[in-house]
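*Asks:* Here is how the chains run, residue by residue.
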Amino acid sequence: MIIPMASIYLDHNATTPVRPEVFDAMEPFFKDRFGNASSIHRYGQDARSAVEEARARVAGLVNGRPGEIYFTSGGTESDNLALKGVAYARRAYGRHIITTNIEHSAVLNSCGFLEREGFEVTYLPVDGHGRIDPGQVEDALTDQTILISVMHANNEIGTVQPVDEIGRIARDNGVCFHTDAVQSAGKLPIDVEAMHADLLSLSGHKIYGPKGVGAIYIRKGVEIEPTAHGGHHENDVRSGTENTVGIVGLGKAAELAALEREGEYRNLSRMRDALEARIRDEIEDVRVNGHPEWRLPGTLNASFPGAEGESLIMSLDLAGIAVSTGSACTSGAIEPSHVLLALGRDPRTALGSVRFSFGRDNTMRDVDYVMSRLPGIVSRLREVSAAQVPA
Amino acid sequence: MYSPAVMDHFHSPRNVGDLPDADGVGNAGNPISGNTIALYLKIAEGTVTDAKFRTFGCAASIAASSMVTEWVIGRTADEAASIENDTIAEALGGLPPTKMHCSAMAADGVRTAIEDYRSRRELNAKAPKA
Chain C
1 MIIPMASIYL
11 DHNATTPVRP
21 EVFDAMEPFF
31 KDRFGNASSI
41 HRYGQDARSA
51 VEEARARVAG
61 LVNGRPGEIY
71 FTSGGTESDN
81 LALKGVAYAR
91 RAYGRHIITT
101 NIEHSAVLNS
111 CGFLEREGFE
121 VTYLPVDGHG
131 RIDPGQVEDA
141 LTDQTILISV
151 MHANNEIGTV
161 QPVDEIGRIA
171 RDNGVCFHTD
181 AVQSAGKLPI
191 DVEAMHADLL
201 SLSGHKIYGP
211 KGVGAIYIRK
221 GVEIEPTAHG
231 GHHENDVRSG
241 TENTVGIVGL
251 GKAAELAALE
261 REGEYRNLSR
271 MRDALEARIR
281 DEIEDVRVNG
291 HPEWRLPGTL
301 NASFPGAEGE
311 SLIMSLDLAG
321 IAVSTGSACT
331 SGAIEPSHVL
341 LALGRDPRTA
351 LGSVRFSFGR
361 DNTMRDVDYV
371 MSRLPGIVSR
381 LREVSAAQVP
391 A
Chain U
1001 MYSPAVMDHF
1011 HSPRNVGDLP
1021 DADGVGNAGN
1031 PISGNTIALY
1041 LKIAEGTVTD
1051 AKFRTFGCAA
1061 SIAASSMVTE
1071 WVIGRTADEA
1081 ASIENDTIAE
1091 ALGGLPPTKM
1101 HCSAMAADGV
1111 RTAIEDYRSR
1121 RELNAKAPKA
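These protein sequences, in sequence, are chains C and U. With my numbering as the guide, the letters of the first sequence map in order to residues 1 to 391. With my numbering as the guide, the letters of the second sequence map in order to residues 1001 to 1130.
Calculated directly from the structure, the hints in this document are not laboratory data. Source: prediction; values computed, not measured. Warning: the hint list may mix true and false statements.
Derived contacts from chain C toward chain U, CB cut-off under 10 Å, selection only [as the list claims (entries may be wrong)]: (1) A277; (2) L318; (3) A322; (4) L351.
Short, incomplete list of chain U residues facing chain C, as computed with Cβ under 8 Å [unchecked claim]: (5) S1033; (6) F1056; (7) C1058; (8) A1081; (9) G1093.
Where is the CB? At the ideal position from N, CA and C, for every residue including glycine.
With these hints in hand, go ahead and build the complete structure from the sequences.
*Replies:* Next comes the structure, spelled out in structure tokens:
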């Protein structure tokens, strides 16, 4: 791998580095503290107490009770467990699920699976900023509805949904409410009581914890059918020997995220707003995707019509700037992001979109460096494509 | 992911632009939702003497477009028309399997440009002499 002179990571919505404090907390569990949390002897007791301490920390991050937190392998498993677990546990009461058309693929593809299993799914369309109106949820309810799943904040554009109101509607109608909070954790306040959330998904590696570990909050009393059957771990909700190392890392990351969230919010907003203002000022014909106010603090998704996303990312990477695009150009057709298409962007504009996502290691100097390279890259690619894009 | 030749042609594409007096123009790709190329050829006495392109697309399609202009200059119209879908991928030292359509798009651009050149010649031949 060639490391260019500059090396600026602006892809924190994809993943974050493990914080040193998190790594330090995890390290002993790779070595001396290797016990199986289910063992009765002292090795087991030591691992068990570490797992339970982590559970309390994760509960603290979302204002739940420790007994309502279950550890999983990550956000995808948590989403799968929420959707399929509730659908199968409550199928006797109805077979209708409500979600949105900009959910993460872990939710959308779980819904697709459930449709093949005979469930009916309503995909609510979002507005031009990626937001749904709680009234849409109310209108979509039927006497068959058993579950509403609406993400807290979108990974690609950062738009934040009115989850408090949606949760209230679910509660008033006796329907389970799940929210995917993988992207909002550590950035926005998360309170399962204010949200009236019955289930909530979290991931470790988005909050400076390790990959391969996540959690799901399941409100006490909510029935769920496990997706992995086995040796009765995690109160029979998620069998499999506890990933002690990962769980300890997630616990530490959750503790730090809860502690530092407010300062992080200000810091991430400041950098994102500065980059957004300069892009609008210094580059012609730019569209910012996402809600102007209801947006994650560090996320900026912008379309540069005339420049294609992968080309932008490759060029920025050569300049030492790591960002991402929602689109993937594979097998004959470039597939524009389903999220940007849902906002009503035409496919060609959607194809020219880049997501910048800031994290705690970025500084305002990174914004300056990006703006020293980005305008030139955009105009170079527009020069190559000129006349190929209808004005 | 990409060969050094792809990175070179992507970063420093050759023959970007258009030829207002082109003898054949080839448009290929998917103008609604995908990569597109416009290839302009100057052809004298049956041989390609100049080529320019404009491409909207990923790094591989820009590199393939650049490479196809180098490949086609100096070839006869017949040679150019017989381009294979993977000719440009080979010239670039290979492309990932999911990017082979970028090579095919460049080849389509050449074939379409030669067709355009030939149909213009037919029209000229039929046109009454002034």
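*Asks:* Go through the numbered hints given earlier and state which of them the structure violates, listing their numbers in rising order.
*Replies:* 1, 3, 8, 9
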